[in-house]
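Engineer: Following this note's numbering, the numbering of the sequence shown begins with 1 at its first residue and continues without gaps.
Hints were generated in silico from the structure; no laboratory data involved. Just so you know, these numbers come straight off a predicted model, no measurement behind them. Worth double-checking, as some hints may not be accurate.
To be verified - Dumping the calculated DSS-like pairs for lysine-lysine here, alpha-carbon to alpha-carbon at most 30 Å:
#1 K664 <-> K231
#2 K666 <-> K231
#3 K590 <-> K670
#4 K198 <-> K231
#5 K156 <-> K123
#6 K168 <-> K178
#7 K664 <-> K590
#8 K590 <-> K168
#9 K168 <-> K123
Claimed, not checked - Distance windows between CB atoms, simulated:
#10 R662 <-> P237: 26 to 32 Å
#11 D448 <-> D97: 17 to 23 Å
#12 G603 <-> T183: 36 to 42 Å
#13 D445 <-> E61: 42 to 48 Å
#14 T588 <-> E397: 50 to 56 Å
#15 S668 <-> G216: 20 to 26 Å
#16 V625 <-> K666: 18 to 24 Å
#17 Y565 <-> V629: 16 to 22 Å
Even for Gly, the Cβ is constructed at its ideal location relative to N, Cα and C.
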Amino acid sequence: MLPPHGHILRRIEVDSPLIAPDLALDRLHLIVPDESDAMVVLTTLANGGAAGADPRAVFAERLSELGHLTASFSDDDPPQVRLALPDLTLQCVPQPDPGGDPAHLALRVISLKPVSDHPEGAKILTLTARHPVVTAANGVASDTFRILDWRRAGAKAAKSERLYATLKLVERLEGAEKGRAQTQRTRYIAAREFWRCKTCRALWRPGEQTQCPSCGREFGEMDRRQPEIAKVEFSVPEGEPLNLAPDAAVLVEPEDEPNFVGRVSRIDHHRHTVEVTTRTFEHAGSEGYITPSFNRALYQAKRSVLAAIATRDFGVGLLAQLLVAADTVRSPAYTAGPETAGWLTEGMQANPPQDRAVALLAGLQAGQAVFIQGPPGTGKTTVIVEAVKRRLATDPEERILVTSHSNLAVDNALERLAGTPGMRAVRVARAERVHPAVERFRCDDEDDPRLMEANCYFATCATAATSAITDMNFDVVILDEANKARADESLPALRLGSALALVGDHKQLPPVEDDSLYGIVETDPFLEELVNTSLFEMAWDGGLPAEARCLLTIQHRMHPQISAYISRASYEGQLEDAPEVQAYEFVTRKPLPVALHFVDTDGMRGSRERRGPGGALRNETEVRVAAHVVRLLDERCPRDLSMAVIAMYAEQVERLRQALGRRKFKRSVKIDTVDSFEGRE
Numbered sequence: 001m002l003p004p005h006g007h008i009l010r011r012i013e014v015d016s017p018l019i020a021p022d023l024a025l026d027r028l029h030l031i032v033p034d035e036s037d038a039m040v041v042l043t044t045l046a047n048g049g050a051a052g053a054d055p056r057a058v059f060a061e062r063l064s065e066l067g068h069l070t071a072s073f074s075d076d077d078p079p080q081v082r083l084a085l086p087d088l089t090l091q092c093v094p095q096p097d098p099g100g101d102p103a104h105l106a107l108r109v110i111s112l113k114p115v116s117d118h119p120e121g122a123k124i125l126t127l128t129a130r131h132p133v134v135t136a137a138n139g140v141a142s143d144t145f146r147i148l149d150w151r152r153a154g155a156k157a158a159k160s161e162r163l164y165a166t167l168k169l170v171e172r173l174e175g176a177e178k179g180r181a182q183t184q185r186t187r188y189i190a191a192r193e194f195w196r197c198k199t200c201r202a203l204w205r206p207g208e209q210t211q212c213p214s215c216g217r218e219f220g221e222m223d224r225r226q227p228e229i230a231k232v233e234f235s236v237p238e239g240e241p242l243n244l245a246p247d248a249a250v251l252v253e254p255e256d257e258p259n260f261v262g263r264v265s266r267i268d269h270h271r272h273t274v275e276v277t278t279r280t281f282e283h284a285g286s287e288g289y290i291t292p293s294f295n296r297a298l299y300q301a302k303r304s305v306l307a308a309i310a311t312r313d314f315g316v317g318l319l320a321q322l323l324v325a326a327d328t329v330r331s332p333a334y335t336a337g338p339e340t341a342g343w344l345t346e347g348m349q350a351n352p353p354q355d356r357a358v359a360l361l362a363g364l365q366a367g368q369a370v371f372i373q374g375p376p377g378t379g380k381t382t383v384i385v386e387a388v389k390r391r392l393a394t395d396p397e398e399r400i401l402v403t404s405h406s407n408l409a410v411d412n413a414l415e416r417l418a419g420t421p422g423m424r425a426v427r428v429a430r431a432e433r434v435h436p437a438v439e440r441f442r443c444d445d446e447d448d449p450r451l452m453e454a455n456c457y458f459a460t461c462a463t464a465a466t467s468a469i470t471d472m473n474f475d476v477v478i479l480d481e482a483n484k485a486r487a488d489e490s491l492p493a494l495r496l497g498s499a500l501a502l503v504g505d506h507k508q509l510p511p512v513e514d515d516s517l518y519g520i521v522e523t524d525p526f527l528e529e530l531v532n533t534s535l536f537e538m539a540w541d542g543g544l545p546a547e548a549r550c551l552l553t554i555q556h557r558m559h560p561q562i563s564a565y566i567s568r569a570s571y572e573g574q575l576e577d578a579p580e581v582q583a584y585e586f587v588t589r590k591p592l593p594v595a596l597h598f599v600d601t602d603g604m605r606g607s608r609e610r611r612g613p614g615g616a617l618r619n620e621t622e623v624r625v626a627a628h629v630v631r632l633l634d635e636r637c638p639r640d641l642s643m644a645v646i647a648m649y650a651e652q653v654e655r656l657r658q659a660l661g662r663r664k665f666k667r668s669v670k671i672d673t674v675d676s677f678e679g680r681e
């Protein structure tokens with residue numbers, strides 16, 4: 001005789017502590033056949049409720065109230081599925097649809113036991129079901145199939161060549177960084193410091209200036225006693241190699257002062273100097289060493305997430321899907337409505353692709369992901385901003401992480417979101433990495449009281465993966481410029497999210513690396529592919545369902561002649577011009593009467609690329625041509641227009657700055673790498 005189980009569901013703590021689910025189902029379908037042992041138990045459970053109540057409906061209601069339950073799987077194929085409630089365990093088997101429709105797959109309950117348990121050592125999947133359904137037979141549409149998809153993706157990833165190649169890449173990168181830190185260690189014999197004005201934050205040079213060149217404030221004893229050092233120019237002995245890389249994170253080790261960290265902002269091979277930006281109150285002294293930083297914690301985070309995938313940890317099931325089973329990724333359902341309906345961003349003139357992208361990102365639930373491809377000028381940052389506003393308007397206590405490979409992209413998103421009602425933001429970074437416009441949000445202390453209330457975190461992928469501040473589960477992680485992050489770079493940060501949004505454009509820049517990386521992988525074609533391919537591109541080209549991808553097609557930035565070329569070359573002619581750019585007019589006379597020019601330097605003297613000191617690439621012919629074009633445009637364009645010169649390599653940027661730095665222009669001329677410019681408006 002079956003024991004009385006009427007007390008079981010009544011004892012369930014509906015308001016149990018919040019556990020972040022791995023997977024959120026809209027509808028879980030369980031089949032409990034008539035005359036089965038499971039039905040006898042359900043009938044007994046329902047006896048404590050209203051007279052005449054349907055036992056299946058009562059049980060479905062209890063499941064709905066419960067919120068979280070856990071699942072484990074047998075090793076059979078198809079597997080048995082064990083669902084555990086606080087005081088009850090359901091043993092189930094998959095019940096496929098006779099017609100093969102995944103949406104009509106259900107779990108048939110073959111037994112119920114008055115205990116909550118899983119086999120010892122079993123991998124546990126935590127899930128929620130918003131609308132559980134319990135019936136006597138098949139025929140109900142649901143997303144129950146996602147439970148089995150989750151398991152299959154984990155099993156496939158654990159055996160995949162891509163996973164183990166990624167782990168191999170991480171090991172090689174770590175070894176190379178260890179070696180590079182030693183070989184690029186650079187001695188300096190003099191240091192010229194630039195201090196920051198405490199009033200206006202402008203830079204000044206001690207020993208050369210007695211008042212701020214910007215605000216005019218007279219500097220006193222307190223300024224010299226405890227200065228904030230923002231930049232240091234180090235002199236390297238003639239004849240010694242200058243192997244540091246531009247933009248490299250470094251540790252400065254003065255001979256007689258405490259160490260401090262910074263980032264290489266400029267290398268001048270002619271003057272034999274290295275410029276390092278920082279934010280420190282420590283002096284550089286007169287002698288010491290500059291050593292590339294080596295982030296051991298980041299490599300540990302990379303190995304940890306890859307090991308979790310290899311051991312079929314269901315907590316990283318969504319990452320397994322992205323890595324090797326993109327065809328199983330699911331996103332929210334979307335129904336088109338009136339344009340700009342409900343937009344919270346003032347003055348927005350949205351378009352259907354943006355409306356859909358925002359709705360998908362704003363509607364993400366645990367276990368779901370969405371990929372948003374944003375060609376130049378199509379408003380991908382606008383989509384992120386609007387979606388974050390909507391999520392916080394719906395649930396101000398939700399926790400969101402906005403991350404990217406670069407500090408620039410993170411700061412840009414935060415600056416656009418600043419002032420959003422209900423947003424309590426923190427920018428997790430060291431001081432020297434943060435733009436002044438968002439400095440007030442910066443936090444690098446895990447005891448900062450703002451963390452008690454924060455609901456929106458902004459950090460680079462590396463910081464998010466290693467900081468104690470972001471060591472938590474986020475409702476959604478948004479990876480901006482996802483096309484510029486390899487799988488090993490993005491997975492540790494994405495691991496923090498129950499739901500994921502990857503926003504980028506794999507038709508633009510690939511993952512960012514220096515040339516030395518290719519020496520690590522050149523003998524292994526599979527590793528070389530991993531280095532050149534982002535996780536975004538892997539999934540997009542790996543069978544990602546149409547429902548989980550969104551292409552923004554209306555551009556608001558470029559002259560139509562420029563966008564027409566880009567559309568044909570990279571987007572199969574899908575880009576459209578917004579009305580405001582269709583009205584753009586030409587601004588120059590001959591010899592530059594059109595918006596897009598191609599200048600072929602092949603055959604010109606010195607047209608081949610060459611490597612300078614330290615192996616950096618440059619092309620002197622293109623420097624001369626670009627400098628000549630800049631002078632022509634400066635003479636012929638209205639004064640209120642700004643100008644930018646973009647180059648592929650840092651060494652080329654340095655040569656352009658030298659070539660153009662001796663001339664006074666009528667306007668601001670910004671010269672930088674393509675990596676620095678991507679994403680700016």
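Engineer: Decide, hint by hint, whether the structure agrees.
Structural biologist: Tested hints:
no. : hint                      : result
1   : K664 <-> K231             : holds (25 Å)
2   : K666 <-> K231             : holds (28 Å)
3   : K590 <-> K670             : holds (23 Å)
4   : K198 <-> K231             : holds (15 Å)
5   : K156 <-> K123             : holds (15 Å)
6   : K168 <-> K178             : holds (16 Å)
7   : K664 <-> K590             : holds (22 Å)
8   : K590 <-> K168             : violated (55 Å)
9   : K168 <-> K123             : holds (25 Å)
10  : R662 <-> P237: 26 to 32 Å : holds (28 Å)
11  : D448 <-> D97: 17 to 23 Å  : violated (53 Å)
12  : G603 <-> T183: 36 to 42 Å : holds (38 Å)
13  : D445 <-> E61: 42 to 48 Å  : holds (46 Å)
14  : T588 <-> E397: 50 to 56 Å : holds (54 Å)
15  : S668 <-> G216: 20 to 26 Å : holds (23 Å)
16  : V625 <-> K666: 18 to 24 Å : holds (21 Å)
17  : Y565 <-> V629: 16 to 22 Å : holds (18 Å)
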